[in-house]
Amino acid sequence: MTFIVDPVLSDDEIKSAAKNYSDMIVHEGGKIVHLDEMGLRQLAYPINKRNTGVYFSLEFQSESGAFIPKMELSMKRDERILRFLTVRLDKYGVKYNEDKRNGLIGKRKDWKKKKAEDEV
Amino acid sequence: MASQEEIKFLSNPTLGQQRKKYCRFRKFGIKHIDYKDPDFLIQFVNEQGKLLPRRITGNSLKYQRRVSSAVKRARHLAMLPFSTDLLK
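Protein chains in written order, with the working numbering: chain A, 1 to 120; chain B, 1 to 88.
Keep in mind that the hints were calculated from the coordinates and are not lab data. Treat the hints with care, as some may be off.
What the hints assert, rightly or not - Distance condition first, Cα-Cα at most 25 Å in a straight line; then the derived BS3-like pairs of lysine-lysine:
| id | chain 1 | residue 1 | chain 2 | residue 2 |
| --- | --- | --- | --- | --- |
| 1 | B | LYS36 | A | LYS95 |
| 2 | A | LYS49 | B | LYS36 |
| 3 | B | LYS72 | A | LYS70 |
| 4 | B | LYS27 | A | LYS100 |
| 5 | B | LYS50 | A | LYS95 |
| 6 | B | LYS21 | B | LYS62 |
| 7 | B | LYS72 | B | LYS62 |
| 8 | A | LYS100 | B | LYS31 |
| 9 | B | LYS62 | A | LYS95 |
| 10 | B | LYS72 | A | LYS49 |
| 11 | A | LYS100 | B | LYS72 |
| 12 | B | LYS36 | A | LYS15 |
| 13 | A | LYS91 | A | LYS31 |
| 14 | A | LYS95 | B | LYS27 |
| 15 | B | LYS27 | A | LYS91 |
| 16 | A | LYS49 | A | LYS91 |
| 17 | B | LYS62 | A | LYS100 |
| 18 | B | LYS62 | A | LYS91 |
| 19 | B | LYS36 | A | LYS31 |
| 20 | B | LYS21 | A | LYS100 |
| 21 | B | LYS72 | A | LYS91 |
| 22 | B | LYS72 | A | LYS95 |
| 23 | B | LYS72 | A | LYS76 |
| 24 | B | LYS36 | A | LYS91 |
| 25 | A | LYS91 | B | LYS50 |
| 26 | A | LYS49 | B | LYS50 |
Stated by the list, open to error - Derived Cβ-Cβ restraints for the label pairs, each shown as a range:
| id | chain 1 | residue 1 | chain 2 | residue 2 | range |
| --- | --- | --- | --- | --- | --- |
| 27 | B | PHE82 | A | SER16 | 30 to 36 Å |
| 28 | B | ARG65 | A | LEU9 | 33 to 39 Å |
| 29 | A | LEU9 | B | ARG19 | 47 to 53 Å |
Every residue gets a Cβ at the ideal spot worked out from N, C-alpha and C, and that includes glycine.
Make the full structure from the sequences, and use the hints.
Here it is in structure tokens:
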């Protein structure tokens, strides 16, 4: 799941918005795999008269996913959230995200840099 | 007058030939296309932000479908524009 938080809010408010939803997943019996703050980005087109947004990417596991419609409804009602998208990942997607966190995916240059750092 | 065989090699015979296209996902073993990576997906759209056809990218059908859904997801999240000029 990816969502965009309004950049006008203060840092704490942005963090608490993200935490709100990760807590909600835990409360409903899901398991958080990873919460990635992708940071402030330029939007490709304005949404609600905003040109930038703070992106979050939240990967979670759940047996049934029965709480997802409920969560989407609350995101829709939440004015802090500009956009959201929930996607089911297949096994390759899960592996991709895991590799990305471990720094295996990316530009060759970054890869070499990381390897050199590990050796030092 | 030159015979037919001489005329055949007056110009470089390999000049007009195109390189064979291939599916880059099959070739490099990419199994998952990330919709959160607009710099990668930009390769599959034209300057107006429209999806390029398979005829040009050379993707196999399976991966073209995944590219198109990834691009559409990226558009929803405002990582790629729905339509513009001079994207590249």
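Each hint, compared with the structure:
With a CA separation close to 15 Å, the supplied pair LYS36 (chain B) and LYS95 (chain A) stays within the 25 Å bound. In summary, the hint linking LYS49 (chain A) to LYS36 (chain B) is supported, as the alpha carbons are separated by about 22 Å, within the 25 Å threshold. Taking the CA atoms of LYS72 (chain B) and LYS70 (chain A), the gap is near 24 Å; set against the 25 Å cutoff, the hint holds. Restraint check: the Cα-Cα separation between LYS27 (chain B) and LYS100 (chain A) comes to about 20 Å, which is no more than 25 Å; the hinted pair holds.
In summary, the hint linking LYS50 (chain B) to LYS95 (chain A) is not supported, as the alpha carbons are separated by about 29 Å, beyond the 25 Å threshold. For the hint linking LYS21 (chain B) to LYS62 (chain B), the alpha-carbon distance of about 16 Å falls within 25 Å, and the restraint holds. Pair hint LYS72 (chain B) plus LYS62 (chain B) holds up; C-alpha atoms about 16 Å apart against a cutoff of 25 Å. As the CA atoms of LYS100 (chain A) and LYS31 (chain B) are separated by approximately 14 Å, the hinted pair is consistent with the 25 Å bound.
The straight-line distance between the Cα atoms of LYS62 (chain B) and LYS95 (chain A) is roughly 19 Å, inside the 25 Å bound, and the hint therefore holds. For a cut-off of 25 Å, the pair hint linking LYS72 (chain B) to LYS49 (chain A) stands: about 21 Å separates their Cα positions. As the CA atoms of LYS100 (chain A) and LYS72 (chain B) are separated by approximately 22 Å, the hinted pair is consistent with the 25 Å bound. With a CA separation close to 20 Å, the supplied pair LYS36 (chain B) and LYS15 (chain A) stays within the 25 Å bound.
A distance of roughly 17 Å separates the Cα atoms of LYS91 (chain A) and LYS31 (chain A); the hinted pair therefore holds under the 25 Å criterion. As the CA atoms of LYS95 (chain A) and LYS27 (chain B) are separated by approximately 19 Å, the hinted pair is consistent with the 25 Å bound. With a CA separation close to 20 Å, the supplied pair LYS27 (chain B) and LYS91 (chain A) stays within the 25 Å bound. For the hint linking LYS49 (chain A) to LYS91 (chain A), the alpha-carbon distance of about 37 Å lies beyond 25 Å, and the restraint is violated.
For the given pair, LYS62 (chain B) sits about 23 Å from LYS100 (chain A) by alpha-carbon distance, which is consistent with the 25 Å threshold. Among the hinted pairs, LYS62 (chain B) with LYS91 (chain A) is consistent with the structure: their alpha-carbon atoms are about 16 Å apart, no more than 25 Å. Annotation: proposed proximity of LYS36 (chain B) to LYS31 (chain A) holds, straight-line Cα distance about 22 Å (limit 25 Å). Restraint check: the Cα-Cα separation between LYS21 (chain B) and LYS100 (chain A) comes to about 28 Å, which exceeds 25 Å; the hinted pair is violated.
A hinted pair counts as satisfied when its Cα atoms are at most 25 Å apart, and LYS72 (chain B) with LYS91 (chain A) qualifies at roughly 21 Å. Straight-line distance between C-alpha atoms of LYS72 (chain B) and LYS95 (chain A) comes to about 22 Å, which keeps the hinted pair within the 25 Å bound. About 20 Å separates the Cα atoms of LYS72 (chain B) and LYS76 (chain A), which keeps this hinted pair within 25 Å; it holds. For the hint linking LYS36 (chain B) to LYS91 (chain A), the alpha-carbon distance of about 17 Å falls within 25 Å, and the restraint holds.
At roughly 29 Å between alpha-carbon atoms, LYS91 (chain A) and LYS50 (chain B) are farther apart than 25 Å, so this suggested pair is violated. With a C-alpha separation of about 24 Å, the suggested pair LYS49 (chain A) and LYS50 (chain B) falls inside the 25 Å cut-off, and the hint holds. Roughly 31 Å separates the CB atoms of PHE82 (chain B) and SER16 (chain A), a value that falls within the hinted 30 to 36 Å. Checked against the hint of 33 to 39 Å, the C-beta distance between ARG65 (chain B) and LEU9 (chain A) comes to roughly 38 Å, which is consistent with it.
In this structure the supplied range 47 to 53 Å holds for LEU9 (chain A) paired with ARG19 (chain B), their Cβ-Cβ distance being about 51 Å.
Hints 5, 16, 20, 25 from the earlier list are contradicted by this structure; the remaining hints agree with it.
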